[in-house]
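Peer 1: Since the structure of chain L is already known, use the hints to place chains G, H, Y, S, V, Z, D, B and P on it.
10 protein chains.
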Amino acid sequence: MKKEILELFDNSYADRNYTIEIVNPEFTSVCPKTGLPDFGTITIRYVPEKSCVELKSLKYYFLEFRNAGIFYENITNKILDDLVHILKPRSMSVITEWKARGGITETVSASFTANQ
Amino acid sequence: MKKEILELFDNSYADRNYTIEIVNPEFTSVCPKTGLPDFGTITIRYVPEKSCVELKSLKYYFLEFRNAGIFYENITNKILDDLVHILKPRSMSVITEWKARGGITETVSASFTANQ
Amino acid sequence: MKKEILELFDNSYADRNYTIEIVNPEFTSVCPKTGLPDFGTITIRYVPEKSCVELKSLKYYFLEFRNAGIFYENITNKILDDLVHILKPRSMSVITEWKARGGITETVSASFTANQ
Amino acid sequence: MKKEILELFDNSYADRNYTIEIVNPEFTSVCPKTGLPDFGTITIRYVPEKSCVELKSLKYYFLEFRNAGIFYENITNKILDDLVHILKPRSMSVITEWKARGGITETVSASFTANQ
Amino acid sequence: MKKEILELFDNSYADRNYTIEIVNPEFTSVCPKTGLPDFGTITIRYVPEKSCVELKSLKYYFLEFRNAGIFYENITNKILDDLVHILKPRSMSVITEWKARGGITETVSASFTANQ
Amino acid sequence: MKKEILELFDNSYADRNYTIEIVNPEFTSVCPKTGLPDFGTITIRYVPEKSCVELKSLKYYFLEFRNAGIFYENITNKILDDLVHILKPRSMSVITEWKARGGITETVSASFTANQ
Amino acid sequence: MKKEILELFDNSYADRNYTIEIVNPEFTSVCPKTGLPDFGTITIRYVPEKSCVELKSLKYYFLEFRNAGIFYENITNKILDDLVHILKPRSMSVITEWKARGGITETVSASFTANQ
Amino acid sequence: MKKEILELFDNSYADRNYTIEIVNPEFTSVCPKTGLPDFGTITIRYVPEKSCVELKSLKYYFLEFRNAGIFYENITNKILDDLVHILKPRSMSVITEWKARGGITETVSASFTANQ
Amino acid sequence: MKKEILELFDNSYADRNYTIEIVNPEFTSVCPKTGLPDFGTITIRYVPEKSCVELKSLKYYFLEFRNAGIFYENITNKILDDLVHILKPRSMSVITEWKARGGITETVSASFTANQ
Amino acid sequence: MKKEILELFDNSYADRNYTIEIVNPEFTSVCPKTGLPDFGTITIRYVPEKSCVELKSLKYYFLEFRNAGIFYENITNKILDDLVHILKPRSMSVITEWKARGGITETVSASFTANQ
Chain L
1 MKKEILELFD NSYADRNYTI EIVNPEFTSV CPKTGLPDFG TITIRYVPEK SCVELKSLKY
61 YFLEFRNAGI FYENITNKIL DDLVHILKPR SMSVITEWKA RGGITETVSA SFTANQ
Chain G
1001 MKKEILELFD NSYADRNYTI EIVNPEFTSV CPKTGLPDFG TITIRYVPEK SCVELKSLKY
1061 YFLEFRNAGI FYENITNKIL DDLVHILKPR SMSVITEWKA RGGITETVSA SFTANQ
Chain H
2001 MKKEILELFD NSYADRNYTI EIVNPEFTSV CPKTGLPDFG TITIRYVPEK SCVELKSLKY
2061 YFLEFRNAGI FYENITNKIL DDLVHILKPR SMSVITEWKA RGGITETVSA SFTANQ
Chain Y
3001 MKKEILELFD NSYADRNYTI EIVNPEFTSV CPKTGLPDFG TITIRYVPEK SCVELKSLKY
3061 YFLEFRNAGI FYENITNKIL DDLVHILKPR SMSVITEWKA RGGITETVSA SFTANQ
Chain S
4001 MKKEILELFD NSYADRNYTI EIVNPEFTSV CPKTGLPDFG TITIRYVPEK SCVELKSLKY
4061 YFLEFRNAGI FYENITNKIL DDLVHILKPR SMSVITEWKA RGGITETVSA SFTANQ
Chain V
5001 MKKEILELFD NSYADRNYTI EIVNPEFTSV CPKTGLPDFG TITIRYVPEK SCVELKSLKY
5061 YFLEFRNAGI FYENITNKIL DDLVHILKPR SMSVITEWKA RGGITETVSA SFTANQ
Chain Z
6001 MKKEILELFD NSYADRNYTI EIVNPEFTSV CPKTGLPDFG TITIRYVPEK SCVELKSLKY
6061 YFLEFRNAGI FYENITNKIL DDLVHILKPR SMSVITEWKA RGGITETVSA SFTANQ
Chain D
7001 MKKEILELFD NSYADRNYTI EIVNPEFTSV CPKTGLPDFG TITIRYVPEK SCVELKSLKY
7061 YFLEFRNAGI FYENITNKIL DDLVHILKPR SMSVITEWKA RGGITETVSA SFTANQ
Chain B
8001 MKKEILELFD NSYADRNYTI EIVNPEFTSV CPKTGLPDFG TITIRYVPEK SCVELKSLKY
8061 YFLEFRNAGI FYENITNKIL DDLVHILKPR SMSVITEWKA RGGITETVSA SFTANQ
Chain P
9001 MKKEILELFD NSYADRNYTI EIVNPEFTSV CPKTGLPDFG TITIRYVPEK SCVELKSLKY
9061 YFLEFRNAGI FYENITNKIL DDLVHILKPR SMSVITEWKA RGGITETVSA SFTANQ
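Residue numbers (the working numbering), protein chains in the order written: chain L, 1 to 116; chain G, 1001 to 1116; chain H, 2001 to 2116; chain Y, 3001 to 3116; chain S, 4001 to 4116; chain V, 5001 to 5116; chain Z, 6001 to 6116; chain D, 7001 to 7116; chain B, 8001 to 8116; chain P, 9001 to 9116.
Everything labelled a hint here was simulated from the structure, so no lab data went into it. Worth double-checking, as some hints may not be accurate.
[As the list claims (entries may be wrong)] Result set (DSS-like, lysine-lysine): computed pairs, CA atoms no more than 30 Å apart in a straight line: (1) K2078/H x K2059/H; (2) K9078/P x K8088/B; (3) K3033/Y x K3003/Y; (4) K9003/P x K8078/B; (5) K2/L x K8056/B; (6) K3078/Y x K3088/Y; (7) K6056/Z x K8099/B; (8) K4050/S x K6078/Z; (9) K1003/G x K1099/G; (10) K9003/P x K9099/P.
[Unchecked claim] Among chain B residues calculated to face chain Z with C-beta under 8 Å, some are: (11) E8073; (12) G8103; (13) T8105; (14) E8106; (15) A8114.
The beta carbon of each residue, even a glycine, is placed where N, CA and C say it ideally should be.
Isolated chain L (complex conformation) (with noise of 0.2 Å):
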């Protein structure tokens, strides 16, 4: 999951507060538990500061987790302390949300707020 991947463009607009929101529902990583693949969607939901994160290379970082094994919870909040870093929007929230696996869905959700 290098980061890296991550392009940005110059938010023109950056006198004002504006919704940008980001919807992946083909998202696929591995269960660090039994090596099996798990489906997620992903929103993301953010107010730019001073850069927009460019969507093609989001959907490469995304493709870093295709082979990863990793926790729900893990995924939702290295997203969002990925994008944080390297976007430093004004807020943030990034919800995963789990196709089932043995019968049992999951969701998690977390957010980020700038101190103004």
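Peer 2: Chains G, H, Y, S, V, Z, D, B and P alone, transformed into the frame defined by chain L:
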């Protein structure tokens, strides 16, 4: 119902309040009055403190109820008690929704908040 | 309508406020004016104090109404009174929704809260 | 529209505020301008004081409008007035929704609250 | 039920078989047993010969049933007979679907085909 | 658009605040730029003071727009102005929703409240 | 209703049987009995021979009916006749579905097949 | 993207705050990274001050983006800036919802309120 | 519309009749009468013979229509002709469904079957 | 894609024709043109002869495709070939439905019937 079956993993993001929701629509136990099987959906929602529950062990924990004769109300509270005891979460709620028996359905909801 | 039919079991979790919702979509009684059957759905929602109602006995209690001629409003309040009298819950509501008679439907809602 | 048709029965539970909702989707009256029939749904919602309205007599009361020429607004308010006069409820609302005439639909809502 | 109320207009396209479907979801008549109103939907489907029925007159024809006490089966067949007698269509069917009475619905279907 | 077409009838229940909602999904006018017809749904919601608008005259009032070239925004405000001028209601809102033109839809909402 | 308004363009693919379906849900004409507007949806389905109808001219052709008083049955057949006369298609059907008038809806269906 | 294309017409009802909502589900532009087309829905909601935007000119303004390579975030803010600059509205919001690219969708929301 | 853009790959399973369905809901071209954009959904269904069409090249082929002025009927047949010419499939159908213009929608369906 | 991974178990009811349908909505492979992941739903429907496929082994067989670059058409036919080769069923069909790429979706359907 041995809660020792439950495995934990460290919450690597304990500096942040975030929410985990787990839904199991395939829960089954036995009616203590008739000996007949009951079917229900269990929803667990919590903000972790030091630990998260590992999903596969939770599945095995749920399996412990498969041949146990126990009232809906007690299942709900016992799951809440067991998980609070082991996970010591910042907050947690458990909701159980039961399929019709004799044409009658039941839903039980219980919750816990840690002293700050 | 002998409320003695109702069986209780101890609320083992009385130190906690939690909610139990019971829905019976197969209730039937008799219209006191026409002698014809009425069909309705009964919803009971309560926070238990010392006791919970056992579902099978509740089903038999509902069966007591099958051949009784009684107004919708009185059924609703009687069920609330009987259950409050026996269960002494912290709070309870009863909602009855009745199928069309002469093209007309009716819904009756009543509730109770214990003095703190 | 003889409101004397309405029969009451004693509210045996007047010590409690509870709600009765009655819906009649088969109401019909006559347009005072064209003499043609109008079709509508009448919804009555009230908290009874000393009396409840008996449903079959309410149906006969509604039948009184079948061949009467009267505006939607007046039907709505007259039903409210008649029922308030007879029932003296703690509160009541009447909503009438009318099928399209010349492509145009209308809904009229009126309500009453007793002085405490 | 005076079928003389029905007005016709010439079928200017009698060299072609084409189909006219008329649906009236606002039909009401009176139950001959109870004197209470019935509500139903009338569907008429026909291939005209020399004449078509004018819609407004058909509406007035339907109004004739408003206060008539007559069985569902007889209404259906009488409408078919009246319209066949006046319109002499190449073919016609009449379907009546009745709102629930005592929880029971009824649908009656009848049809006619001219001798070639 | 002669608002004189509008007929009123006395509000016999002016001692009560009640609400009248009228919906016309069959409104049509003409685009002032292209001369082509526009189609929309008009919703009027008001609390009457001394008068109510008679529905059939309202229908004829709407018909006045059938061949008039006028912007959506002006239709909405003009209907509000005309009805407020004639009816002097306690409050009124007018919402117009327009079918797609060149793939683009528009909704205009305006409202009025009388000075108390 | 001048069918000369209709513009054609060459069917460049006349060696193939293919189907064109055109739906206009914004058709309006005038009732010849009441002078009031009617609203309907027109569906045209055809297999072209030498020509196709140009959509914008078809729209203007439909506009010719906007202020014309004409029965539903005649509109349907006239549209079929006009289009068959101008387009000489291999086959064509016209279906018109009309919004409720006095609570009654009507659908008219007519079709044409060329002699082989 | 020449905002000069936008035509205005006088707001004849500037003494009243009212709302105009315009939705264009057929917006298309070009991705600045790949040169491939993007498809989205644009929603504009505003309270006019002295002027309203004429819909056909707005359509031509949207067409200016058809072959322009520009990020979602910049389209959203540029439309808001252009319309605010020309219309000087009391308030305005612009929401753009984009079809999936590489399985990922995005929604951008920005808004403006005039200084009072 | 250079069909040379289309890339093929060998059908490795030509001994079997199987069906490929491709749906593009993001097709856009230009109206040859008005110069304004049209939007539609293209569905292609075929049984391959020696070759299959590569999806990305098909996407670029569709892009060729983006700024071309061409009738719906001709687009449909041209896509069918181009794909039949290049792919020489056992059978193929092309269906194009177009968004409303002036309130009118159109669907064109054409198909091809190889001589056995 | 080693089909040796597939495990079988005996069909104990081979004297009867019965149907097995297996749906995997979590299939993923890699596009051979772009190297980017594809996501799809695989449906397998078959009448067994001597053997049935064991579900867990089928899951591991599907996993073999996770990092393989292969066209939709070839995946579909290869799954059919592999399963027919191993299971020798009386009949089988494989349907693959693929998530949108560049706005375009594809569905491939292939089937096999044993010689009687």
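Peer 1: Please list, smallest to largest, the hint numbers that this structure does not respect.
Peer 2: Failing hints, ascending: 4 and 15.
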